[in-house]
Amino acid sequence: AQSVTQLGSHVSVSEGALVLLRCNYSSSVPPYLFWYVQYPNQGLQLLLKYTSAATLVKGINGFEAEFKKSETSFHLTKPSAHMRDAAEYFCAVSEGGNNDMRFGAGTRLTVKP
Amino acid sequence: EAQVTQNPRYLITVTGKKLTVTCSQNMNHEYMSWYRQDPGLGLRQIYYSMNVEVTDKGDVPEGYKVSRKEKRNFPLILESPSPNQTSLYFCASSSTLGTGGVEQYFGPGTRLTVT
Chain A
1 AQSVTQLGSH
11 VSVSEGALVL
21 LRCNYSSSVP
31 PYLFWYVQYP
41 NQGLQLLLKY
51 TSAATLVKGI
61 NGFEAEFKKS
71 ETSFHLTKPS
81 AHMRDAAEYF
91 CAVSEGGNND
101 MRFGAGTRLT
111 VKP
Chain B
1 EAQVTQNPRY
11 LITVTGKKLT
21 VTCSQNMNHE
31 YMSWYRQDPG
41 LGLRQIYYSM
51 NVEVTDKGDV
61 PEGYKVSRKE
71 KRNFPLILES
81 PSPNQTSLYF
91 CASSSTLGTG
101 GVEQYFGPGT
111 RLTVT
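Taken in sequence, the protein lines are chains A and B.
Under my numbering, the first residue of the first sequence carries the number 1, and numbering increases by one thereafter.
Under my numbering, the first residue of the second sequence carries the number 1, and numbering increases by one thereafter.
Hints are computed from structural coordinates only; laboratory data are not their basis.
A portion of the hints provided could be inaccurate.
Partial list, derived from the structure: chain A residues whose beta carbon lies under 10 Å from chain B [unchecked claim]:
no. : residue
1   : 41
2   : 42
3   : 44
4   : 49
5   : 102
6   : 103
7   : 105
8   : 106
Just so it is clear, the structure is predicted and the values come from calculations on it, not from any experiment.
Just so it is clear, CB atoms sit at the ideal spot from N, CA and C, and this is done for glycine as well.
Only chain A is shown next, with the shape it has when bound in the complex (with noise of 0.2 Å):
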């Protein structure tokens, strides 16, 4: 069964540095993956998405993802940090099913001013 594991429950970074969010899946078949975000008291939000249109997934927020098969990662990445980006991030896998999609254990991102 597909699966995903994030490294690191806590990320701290200072405003403006480069953000990393790391993602690494398991899966029997190619996969899609996903990055949600949650701010305090609310619901899970989509921040991008693979479905093997590009490596290279941009999403909102200046957020975006790489797809790497050889590594079997989707980390996440944002060049200059915002006090607004402060959440908790989950990573996600489906392989393709509705039913299919397992969530990472999430991280929790804060940002220093």
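Based on the hints, put chain B in the right spot on chain A.
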């Protein structure tokens, strides 16, 4: 506005007192699902429904029930809540159309405390 709504947002109850958390979506989605979120464990699926009158267990169904009598509604029922069901609950919906990689839309969450 396209959205998934949940009620209540916050609930404190006692062990054994039956409760229902409602979920409704206005996007005409066929698929609906319930998750619980616990620290360090991410989101785990409780139950899902592919369409009206079609429901099935997810990864952690014990102690929960669901029903899908209408397309827009998917209530979560805890017949006899216990303290280990204290958690943050999310309802989600998505279309079953498309070739895969379908985005799920999430409700705002219900924080449940069982004492």
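Checked hints:
{"no.": "1", "hint": "41", "verdict": "8 Å, holds"}
{"no.": "2", "hint": "42", "verdict": "6 Å, holds"}
{"no.": "3", "hint": "44", "verdict": "4 Å, holds"}
{"no.": "4", "hint": "49", "verdict": "6 Å, holds"}
{"no.": "5", "hint": "102", "verdict": "8 Å, holds"}
{"no.": "6", "hint": "103", "verdict": "4 Å, holds"}
{"no.": "7", "hint": "105", "verdict": "4 Å, holds"}
{"no.": "8", "hint": "106", "verdict": "5 Å, holds"}
The structure fails none of the hints (numbered hints given earlier).
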